[in-house]
Every structure is written in structure tokens, then in C-alpha cells.
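*Asks:* For the protein sequence lines, the chains are B and C, in the order given.
The first sequence: position 113 = 113 (UniProt numbering), numbered continuously.
The second sequence: position 155 = 155 (UniProt numbering), numbered continuously.
In short, the hints are calculated from the structure, not lab data.
Computed from a predicted model, the values in this text were never measured in an experiment.
Incorrect hints may appear among the rest.
Here are the simulated lysine to any residue pairs, SDA-like style, with alpha carbons at most 25 angstroms apart [what the hints assert, rightly or not]: (1) B:K86 <-> C:S276; (2) B:K64 <-> B:D133; (3) B:K66 <-> B:P50; (4) C:K164 <-> B:S76; (5) B:K96 <-> B:G149; (6) B:K86 <-> C:P98.
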Amino acid sequence: MSDDGRTGDSPTNDGQRFDRLPATADDREVEGRATREEVLDWWDQRFAIPPESFEEYTFWEKGKGKIWILRGDVASPIRIEALGMKFLRTRQEHWKPTTNAVQRFGREASENVVELTREQARRFVSGEDQELDWDGDWGYLVAAHELAGELEPLGVGLFVHGELKSPVPKGRQRDL
Amino acid sequence: MEKLERYEPLVEDFDAFLDACQRPLPSVVRVNTIKATPERATAALDEEGVDWTGREWSDTVLELDTDSPGSTWASYHGWIHGQEEVSAIPAEVLAPEPGERVWDACAAPGSKTTQLAALMDDSGLVVANDNNLGRLSALRFNTERLGVTNAAVTNTDSRNFSLKPFDFDSFDKALVDVPCSCEGTIRKNPTALDDWTMDHVRSVAGVQKGILRRAIQATKEGGTVVYSTCTFAPEENEAVLDHALDVEDCRLVEFDFPLDSRPGVTEFEGEAYDESVRKAKRFYPHHNDTGGFFCAKLEVTG
Numbered sequence: 001m002s003d004d005g006r007t008g009d010s011p012t013n014d015g016q017r018f019d020r021l022p023a024t025a026d027d028r029e030v031e032g033r034a035t036r037e038e039v040l041d042w043w044d045q046r047f048a049i050p051p052e053s054f055e056e057y058t059f060w061e062k063g064k065g066k067i068w069i070l071r072g073d074v075a076s077p078i079r080i081e082a083l084g085m086k087f088l089r090t091r092q093e094h095w096k097p098t099t100n101a102v103q104r105f106g107r108e109a110s111e112n113v114v115e116l117t118r119e120q121a122r123r124f125v126s127g128e129d130q131e132l133d134w135d136g137d138w139g140y141l142v143a144a145h146e147l148a149g150e151l152e153p154l155g156v157g158l159f160v161h162g163e164l165k166s167p168v169p170k171g172r173q174r175d176l
Numbered sequence: 001m002e003k004l005e006r007y008e009p010l011v012e013d014f015d016a017f018l019d020a021c022q023r024p025l026p027s028v029v030r031v032n033t034i035k036a037t038p039e040r041a042t043a044a045l046d047e048e049g050v051d052w053t054g055r056e057w058s059d060t061v062l063e064l065d066t067d068s069p070g071s072t073w074a075s076y077h078g079w080i081h082g083q084e085e086v087s088a089i090p091a092e093v094l095a096p097e098p099g100e101r102v103w104d105a106c107a108a109p110g111s112k113t114t115q116l117a118a119l120m121d122d123s124g125l126v127v128a129n130d131n132n133l134g135r136l137s138a139l140r141f142n143t144e145r146l147g148v149t150n151a152a153v154t155n156t157d158s159r160n161f162s163l164k165p166f167d168f169d170s171f172d173k174a175l176v177d178v179p180c181s182c183e184g185t186i187r188k189n190p191t192a193l194d195d196w197t198m199d200h201v202r203s204v205a206g207v208q209k210g211i212l213r214r215a216i217q218a219t220k221e222g223g224t225v226v227y228s229t230c231t232f233a234p235e236e237n238e239a240v241l242d243h244a245l246d247v248e249d250c251r252l253v254e255f256d257f258p259l260d261s262r263p264g265v266t267e268f269e270g271e272a273y274d275e276s277v278r279k280a281k282r283f284y285p286h287h288n289d290t291g292g293f294f295c296a297k298l299e300v301t302g
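Sequences are here, hints too, so could you generate the full structure?
*Replies:* Right, here's the structure in full:
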């Protein structure tokens, strides 16, 4: 009947709407879509942030591989402009958390957290890459510094080849 | 300043009012309790040597002794957000509770949206709408910077807002902080009145009526709607309330607010408004050393 070339195709990612992530791989209908379980595992594996931390949250995909986090739940799918916070980039070799997500949830991280001095923190938030003496894992780290008596996440840093790269988005960069 | 002369019959100590309108505003921020306590935010400011003064009426409103509050660690981390003191009034008056569904009808650039989310402990749902796509990006930027995860952002004309995308059919509360002629922002922006015309006041009042009506319709019976502007014009304040009282099921309710204010006016330039508009509050620049503001609280009577 339908002649739009989609008859019989499996569901695909629609970049214009938010779809709730399937709970597990068994529930997955859209190819390549991350599952809730995978997202929770990733934060647990990478930063030792326990899955229970996200009990009250739902995860959504809008845009290819862009995962959003919402406290609570709404109907899925939903065509609106934004839902909660951009949280994680999937559908690429290395998943990448957003600066805002790391600021919001990174306090609970206990692995792959690099503590920067005030001067290093300054360079990091101005968007500068810098040499770093870090003997832990390569890849995405929680970059943090001490502020008002506790360690506070600055955002996500990328450590490769002895260098800490600053992926702080232009609009979030500051000269402090 | 001559554009403000029409308010002389309404404002006591009119010279002090005009004087205040010509002084710059103090630099005020709101502590974002989604990311930091007031204690931790002030400790961070202390560490950086930025002096601050609290406000008696709120432990989240601080005056900073700097012209660039954005150039602080507290700001980078989203612990503080530049927001004028009177702009913090309507969300406090709406007083949303954790778990509620709240509509922010004219949300960009997001100071009040993020304040609503903080008052709700970032739980429940804030539906933040704005009709302007450019301003929407500022709204999205601010909600994420301040760590808000309970907001849904929509882009429609609030006068025709539809709840269709959502799985509920009314809000518990709504904040209607409408576009206005912005006379009250003259201290922040000395050119605010350059384009002021009576035609603009009349045209924006029409839009305000449409948005307030839709907010009352979209809020459940017994729910609360807060209407606010940053202008002195009765055409955009009391007259809009008077219209809503006429055509929608609602009533004005009394509220206390711990800043000096004057009641809504019941007549201006030959027009008379419903007596109950006295329950609204007018905040004048010379009373609390703030911008000008208007705020009213309504109950939806169904």
C-alpha cells in the first residue's frame, strides 16, 4: 500500500524528536541506539558513578547519538526543543560526556578524576590544552579542582599523549 | 525620563523615583541551589576576594562588589547566576513545590526557569516555552549551565500553547512573566525607553492578555498563576488583570512579600479597574534600590 520506500523497514532514529532509550538490548528497536543499561554501565565503568545515582532519571536520544537526561519521565516519543540536559555522545568509538553533565554528576565520580591546581584549572576553563603528569587511563576524565573546601568538577577533559585537552565549549570558556 | 512623567499621579516622592531611575543598579546574583548551597557559594566568593552582601528577604540573593560577576569561579561552576533582585520575585511568589508541573510561559533567557527548577529541587517538570528561537538558545544554554534536569523546552506562541506533546492535561502552576515595555529596566539599560511609544504599550498589552488567558486555561482548578512585568504602565499591568478577571475563571489573591511595595492601582488616565487588582504589588526603584516591577498572584477557580 504505502510506496514511500519505508514499508517493512525497521524503525530508525528521527533527529526531530526525543525517544526514550530502551531499557536493555532486548528492548532495542532502533539500530545503534544506546540502551539505558549501557549508559549506566558506561558511567559506572568509566567514573565509578553507581547506577543507583540515576534511578530517578530517564534517558533520551534526539539527534544522532545525542543522549539527554531528564529527572522524571514524559511521554515518548516527544517533539519538543529540549528535554532535561544533554548528557552523553554515543554512536562513536569513544562515548563522550558533556561538560554540563560532568559538572552536575561528576561529584560522585571516584575513578578517572584528575585534580588540577588553580593555575591548571584556569588554563582548562579558558579552553587551553596542557601537558599533564597523569599515570592513569587515557581518554575522558573528570577534571576537578578544590573550591570552597571540596573537590568540584570543572568539566570533562580528554587525556592523550601526556596532554590534557580541554573540550570546554566556547560559550562555557572563561578567562579567570 | 520624560516618558515616565505620566506616572507622577501614581508614584509618591516622584523626584526620588526619577533620581533612582537614573542610578545604575547594584550587581546582584542568585545562588543556584541545584549546584551549591548559599554557604558554599559565598565561601567560593570569599576565596576569590569578591565581597558580597546578603539580602534580608532571601538567602539566595546576593549583591556582589564586582561589575563582572561572570568572571568568578562560582559563576563558571553555575553556583551563581546574574539576576536582578526584583526579577527573583515572581518565582518566589509562585512557590512551586518539588514534584509539581509548572508552565513558564515566556521563559527565555531562563533566569526564572532555573529559579523555578531550583525551588522544586530539580524535580517535577518545568515546561519552559518561548516563541523566539534565538532567545531559546540562551534559555537552553542557561538551564544546562545551571544543571537543570527537570525542564522541557518548547517553542510556540504561548497564546496558542498546546499540551498535546505531554501526557497530562493541565499544570499545577504557571508563571506568566510577559514581554513588556520594560520601563522598569531603565537602570540596567539606559536606552530602554528610546523606542517607547503608546502604540507599543497598547500592542504589547494585547499580547499579554492572550498569554495570561492561555495560562489560566492551562492551569488546573485551584492552581496558581503568577503574572509579572518589569513595567509601570497600568495598561500592561492592572488592565491586563482586569481583562483576565472578566473573561476567565480566576481571582486575585493576597500575598506577602518582604520588600517594600505599593498596591495595584484601580484607576489611571480615566480608566477604572476591578477593585481586587489592589492585591497586586508594584515595586518602585526608589523603595528597595532595585529595578521596577509588577507582580500579581491569581487562583484559578475553574
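*Asks:* Taking the hints in turn, state whether each one holds.
*Replies:* Hint by hint, here is what the structure shows:
{"no.": "1", "hint": "B:K86 <-> C:S276", "result": "45 angstroms, violated"}
{"no.": "2", "hint": "B:K64 <-> B:D133", "result": "35 angstroms, violated"}
{"no.": "3", "hint": "B:K66 <-> B:P50", "result": "22 angstroms, holds"}
{"no.": "4", "hint": "C:K164 <-> B:S76", "result": "12 angstroms, holds"}
{"no.": "5", "hint": "B:K96 <-> B:G149", "result": "28 angstroms, violated"}
{"no.": "6", "hint": "B:K86 <-> C:P98", "result": "22 angstroms, holds"}
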